[in-house]
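Peer 1: Just so you know, the protein sequences line up as chains D and V, in that order.
For the first sequence, my numbering gives the first residue as 1, with consecutive numbering after it.
For the second sequence, my numbering gives the first residue as 1, with consecutive numbering after it.
Among the clues, some could well be false.
Said to hold, decoys possible - The calculated label-pair distances, taken between Cβ atoms and stated as ranges, are:
#, chain 1, residue 1, chain 2, residue 2, range
1, V, A48, D, I79, 51 to 61 Å
2, V, A162, D, Q14, 52 to 62 Å
3, V, L157, D, Y25, 52 to 62 Å
4, D, K76, V, Q287, 36 to 46 Å
What the hints assert, rightly or not - Residues on chain V that point at chain D, a partial pick, calculated with CB under 8 Å:
#, residue
5, V25
6, Y303
7, I310
As the list claims (entries may be wrong) - Anything over 12 Å on all C-beta distances counts as not near chain D; from chain V, calculated:
#, residue
8, A187
9, E203
10, P217
11, L220
12, T245
13, M307
14, L482
Please keep in mind that the hints were generated in silico from the structure rather than gathered at the bench.
In this text, a Cβ means the ideal position worked out from N, Cα and C, and glycines have one as well.
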Amino acid sequence: MNLSAPDRLAARFQAAYRILLNKYYVDELYDLLWVEPTKKLGLLLDWFDRTVIDGLVHAVAQIAELFAAGSTWTEKHVIYGCVNVIGYGNHLAARQWRQLQSGMVHHYAAIIVAGLFLLAAIIQLIMQL
Amino acid sequence: MLEELASTFPILTCILFLPVIGGVVLWLFDDEDMVRTSALTIALLELALSVFVLLRFIPESAAMQFSEHVPWIPALGVSYHLAVDGISVLFVGLTAFLAVLIIIYSWDTVRHQVKLYMMALLALETTTMGVFLSIDLILFFVFWELMLIPSYFLIKLWGGGAERHYAALKFVLYTLLGSVFMLVGIALLDINYHQWATLRHIEPTYSFDLLELLSVPIPLSKQILIFWLLFLGFAFKAPVFPFHTWLPDALLEGPIGMAVVLAGLKLGTFGFIRFSIPLLPDASKSQTVVTVIMTLGLAAILYGAIMALIQQDFRRLLAFSSISHLGFVVIGLFALNYQGLQGSLLTMINLGFSTAGLFFIAGFLYSRQQNTQLSSFGGMAKQTPLLASFFLFIGLASIGLPGTNGFVGEFLILLGTLKANWLYGGIAVTGVIFGAAYFLWYYERSMLGPLGKAVKESISDLHPREVLIAAALSVMILWIGLYPAPFLRMMNGSVQALVDRLERGTVASVESDQPVRVD
Chain D
1 MNLSAPDRLA ARFQAAYRIL LNKYYVDELY DLLWVEPTKK LGLLLDWFDR TVIDGLVHAV
61 AQIAELFAAG STWTEKHVIY GCVNVIGYGN HLAARQWRQL QSGMVHHYAA IIVAGLFLLA
121 AIIQLIMQL
Chain V
1 MLEELASTFP ILTCILFLPV IGGVVLWLFD DEDMVRTSAL TIALLELALS VFVLLRFIPE
61 SAAMQFSEHV PWIPALGVSY HLAVDGISVL FVGLTAFLAV LIIIYSWDTV RHQVKLYMMA
121 LLALETTTMG VFLSIDLILF FVFWELMLIP SYFLIKLWGG GAERHYAALK FVLYTLLGSV
181 FMLVGIALLD INYHQWATLR HIEPTYSFDL LELLSVPIPL SKQILIFWLL FLGFAFKAPV
241 FPFHTWLPDA LLEGPIGMAV VLAGLKLGTF GFIRFSIPLL PDASKSQTVV TVIMTLGLAA
301 ILYGAIMALI QQDFRRLLAF SSISHLGFVV IGLFALNYQG LQGSLLTMIN LGFSTAGLFF
361 IAGFLYSRQQ NTQLSSFGGM AKQTPLLASF FLFIGLASIG LPGTNGFVGE FLILLGTLKA
421 NWLYGGIAVT GVIFGAAYFL WYYERSMLGP LGKAVKESIS DLHPREVLIA AALSVMILWI
481 GLYPAPFLRM MNGSVQALVD RLERGTVASV ESDQPVRVD
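Just chain D, with the same shape it has in the complex (with noise of 0.2 Å):
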């Protein structure tokens, strides 16, 4: 055997050789103990912040759609409903009255006249008051 001296000395204590190579393994223990704790950290903050805090915004997005269809279908069947009510309402107002316009011309002097003293009266209330 013919080697030179750092040859033999590895060769001779293998493991003080080994320990020294790596740099008694402290990048390995950083990596250990800190760098991959915090990478695997941080995968798990990605993963809150998309689905919790970015959840939570879009929960408040989902309920401002509820209230909107919500408010829509109020509209269509309540708001639209009551219009729909007052408009068929003088729909059938209108049949009836319709039935005043006879087309005699005493009819219409009745109506005048019944007209007038009812405007009478009212004129008289109003100025009681």
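Please build the complex by placing chain V on the supplied structure of chain D, with the hints as guidance.
Peer 2: Frame of chain D, contents of chain V only:
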């Protein structure tokens, strides 16, 4: 009471409206190169006006300078009141500076609807200037809201991502929600003023003017309510953790120009130092408020930094890095001492050079590889040495390496925080380490080592326009880093006035205006 120096020439009005009027003039041109040249000319004129204001600004003074005051809606006490002081004057310069760089960057990277893009950008510049220049709270609110319109279209129409419509809507709705709370807070401030003015027969009885609102006492319970209402408005915009989820979307999906504005101009934290802290000093230093906000700030620093560490997309990384940096700004502000406030103010300006600068770098990367994913890069330093060098330099400023601007600001913040509470300071320091880790790790993987598989052979280094942008930013970074005195001198007067105001509170400051009886 703050002194006011009126201006003989309405230079702030010129600064405010030059971009938007210039934007309308652009409408006349059809030739795209003509549009670009005119937009650049307008932005350069605006920069010249801003530099003029910076040069004529009296440093070491707490006075409101170049003030212009015209009644607008007298019945409601709303006025058109513009002024700059040590808190806002640097932002005016920064806005004008970034606008010029964005137009230079957009020269050949924005290819469709160039005219509309430039008009939106100039409109955005006006509204941003309005936010910084307004002293009247309603005027401020008007610009705060108007800013959303050009922002929305910039993200929606010129964004690069597939989700840009979603991002634009999310950004607008998010900010709008916050500003509704803020508007209620502003109304409460006005009502408080009204009650006080009516009792003392002071005309007018309504006012939204910052200087007048500063002169009346506000009961502590009311201050705390108003504080949280304003907080929501500013925290959504800043964004402060956990109201930040619009930011990564808007930065990733929107165009680079918009990202530079959103990441470079810290409007939310500006709101805190401009309105919340001076108007509500007793609330700002109350135990609960300080604890909650410090916790949110520290959470943002660590959360943002750890998130940035694992991001694969450079723009998403920058979004979380922004959130982390904003955490520093917030804890500096609520350290509520001279160094903390000064450091926060300087850091807000610094981020306009470093974070905004990194977004320009992201833009350079984007125009070479059509995305900013880590998998598209690797070993770029060999092919694009200039790009890699500027990337490293601006990145080191963002980490806060001594000699760059980031160091000065971050150091002052940490000093102020440690002075206020050593525990907060101790936690914040760890954020600096994470900051170095996420940037250097990303840099190593994208720029160093063997050439990435996805990197094109024909990839080109920075062309002259890009070098101009990176060099301009680097000059500012070095200037503030090596000789921050001129910048700090501009802030000092106003920061000192703010510290005094915090010590006295609203009630005491009113009493001290009255003559003291000596028997």
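Peer 1: Please go over all the hints and tell whether each is borne out by the structure.
Peer 2: For each hint, the structure was consulted:
Between A48/V and I79/D the CB atoms are about 58 Å apart, so this pair conforms to the stated range of 51 to 61 Å. At roughly 58 Å, the beta carbons of A162/V and Q14/D sit within the given window of 52 to 62 Å. Look at L157/V against Y25/D: about 55 Å separates their beta carbons, and that is inside 52 to 62 Å. One distance hint, 36 to 46 Å for the beta-carbon pair K76/D and Q287/V, is violated here, with the actual separation near 52 Å.
The restraint placing V25/V at the interface with chain D is violated, with a minimum CB-CB distance near 39 Å, outside the 8 Å limit. Nearest Cβ of chain D to the Cβ of Y303/V: about 6 Å, under the 8 Å cut. The hint holds. Interface restraint check: I310/V against chain D, minimum CB-CB distance 4 Å, threshold 8 Å, status holds. No Cβ of chain D approaches the Cβ of A187/V within 12 Å, the least distance being about 23 Å, so the stated non-interface status holds.
The beta carbon of E203/V is kept farther than 12 Å from every beta carbon of chain D, the shortest such distance being approximately 43 Å. Taking the minimum C-beta to C-beta distance to chain D, about 37 Å, the non-interface status of P217/V holds against the 12 Å cut. Non-interface status of L220/V relative to chain D is upheld: no Cβ of that chain comes within 12 Å, the nearest being about 31 Å off. With 12 Å as the threshold on Cβ separation, the claim that T245/V sits away from chain D is violated: the shortest Cβ distance comes to roughly 5 Å.
With a least CB separation of 5 Å from chain D, M307/V falls inside the 12 Å interface cut-off, contrary to its annotation. Every Cβ of chain D is farther than 12 Å from the Cβ of L482/V; the closest lies at roughly 33 Å, confirming the non-interface assignment.
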